[in-house]
Amino acid sequence: MTDDQPLLSWERLTRNPAETKLLAEGLGRLLQPGDVIALMGELGSGKTLFSQGLARGLQVPEAYYITSPTFAIINEYPGRIPFYHLDLYRISAGVDLLELGLDEVLYGQGAVAIEWAERLKEQLPGERLEVHLAFSGEAARHLDFLAFGVKPELRLQALIENMGNTRVRPSFE
Amino acid sequence: MKVLGIESSCDETAAAVVEDGCRILSSVVSSQIAIHRPYGGVVPELASRQHIKVIIPVITEALQRAALNLSDIGAVAVTQGPGLVGSLLVGIGVAKAIAYSTGKPLVPVNHLEGHIQAAFLEEAPASFPCIGLVVSGGHTNLYYVEDHGRSTLVGRTRDDAAGEAFDKVAKLLNLGYPGGMVIDTLARKGNPKAISFPRAYLEKDSLDFSFSGIKTAVVNFVRRYVDVGEADGQQPGEQSLKSAKLLPVQVADIVASFQEAVVDVLVQKTCAAAQQFRVRQVVVAGGVAANSRLRRRLEEEVGRLGLHLQLPKPELCTDNAAMIAAAGFHKLKMTGGRWDLDFDAISRWPDLPGYLPDDRPK
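Here the protein sequences line up with chains A and B, keeping their order. Here the first sequence is numbered in the numbering used here, starting from 1 and rising by one per residue. Here the second sequence is numbered in the numbering used here, starting from 1 and rising by one per residue.
The set of hints was computed from the structure by calculation and includes no laboratory data. Every residue, glycine too, gets a C-beta built ideally from N, C-alpha and C. Do not rely on the hints blindly, as some may be mistaken.
Partial pick of chain B residues on the chain A-facing surface, computed with a CB cut under 10 Å [claimed, not checked]:
| id | residue |
| --- | --- |
| 1 | Glu123 |
| 2 | Glu164 |
| 3 | Gly213 |
Take a look, some chain B residues computed to stay more than 12 Å from chain A by CB distance [what the hints assert, rightly or not]:
| id | residue |
| --- | --- |
| 4 | His36 |
| 5 | Pro82 |
| 6 | Ala97 |
| 7 | Ile98 |
| 8 | Pro105 |
| 9 | Thr152 |
| 10 | Asp160 |
| 11 | Gly163 |
| 12 | Leu172 |
| 13 | Ser210 |
| 14 | Leu247 |
| 15 | Glu299 |
The shape of chain A in the complex, shown without the other chains:
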């Protein structure tokens, strides 16, 4: 179900958590119902922080804390559109997303962020924006955005335009 080639990719270095969150907020402002952001990266790389930024861009009221969804698997927040915050940390490989009832969310009326998305990579929607977070020192992070599908490509294009002044590279050779 996955297209192997991203239509567009972009990389960016953030110097600290505040910059990472700001970048995520910029992306959150662009999200529309049905958009899926797949967050990948090891422990402490900033997946929950990135989700907090997305929530801010989606206008989730600040009284809601965007906490790690590891325990509950899925948290739902009201915003300008519903924001579903998922976490596959505790999902074992090979589990069917349908069995978990997550398909309703993935193809629903809200924006979706999935932490530890690499756990069920083969079951992720074909249309998705992957964000790979990697350590680049203690506070700095290297972010790789990969847009799979047309809608994610449009979101990423808009993000690049808005956030500007950074190296943009074409799709993988």
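Following the hints, position chain B against chain A.
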């Protein structure tokens, strides 16, 4: 009145009979630790299946130990949430069936409200008003508790729950499962002052918590010395310490220092809450309340302020059904209400300030 409590919100299947909300006649807990150990964490779909297998035997055992029949029970209380939805539904389904077939009232109970009740099940029960810290793998909440069933949320975590940080650090250091217990044991051999991990106290007067920074600081510390990578047999994306040989300190020192940082913040915020709300009583519950270092430090610091601390014994701190039966009794007594059998599991309550745990989400 004898209340049958049923709890299945996460990885323990539990049933208990409690009389008048304070006397435990029986309490049975079937743990799933062994089932989830190979995965290093609770796997939701395995948890639900196991709940289905054992819930009837667990309830039967609880009734037998109390030497009672279902007809002797005055009401049934069941955890409505928060928790894993598939797990919650098992307990709720059975509870509804029992209530329907016996005609007894069924009370849905908030799991966190239940945890606070644990402090009132001890021989020398706690007094009101009090500050309640509920600290577990899924929650880190501070409540101002005026009476049974009247708790107001006054502090909460902004990112990770304390227990979640324990589990994730244990996994990073390849220490096994459950992380909280493993770290508690190993930390006794380590120096809590070996490494100074950051404590997040947030804004002045804030009763909120943040544990994500401590977790990341441990990751950063380990990464400085050794390669962290995917080991054989791990899940995609899962990273852990491959070799501890290159570390400048013992792993025991790392976990002792990490634990100390978490405990410092929990103790400081709990004491600050007690002072802000001018209460004489502090109660603590939840799985992390079984941590021996946290217990000792709470006893010292709460004692230093001249306040009373009620720390339920570890088996009442971790998930159990006696606390659910007790909470159900008080809720029934307070409202005198009868709940329809059509209520659903609530996986996540909105942890908003001022929210009573028993309020339904709006």
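Report task. Would you list, in rising numerical order, the hints stated earlier that this structure does not obey? Result -> 1, 4, 5, 10, 11, 12, 13
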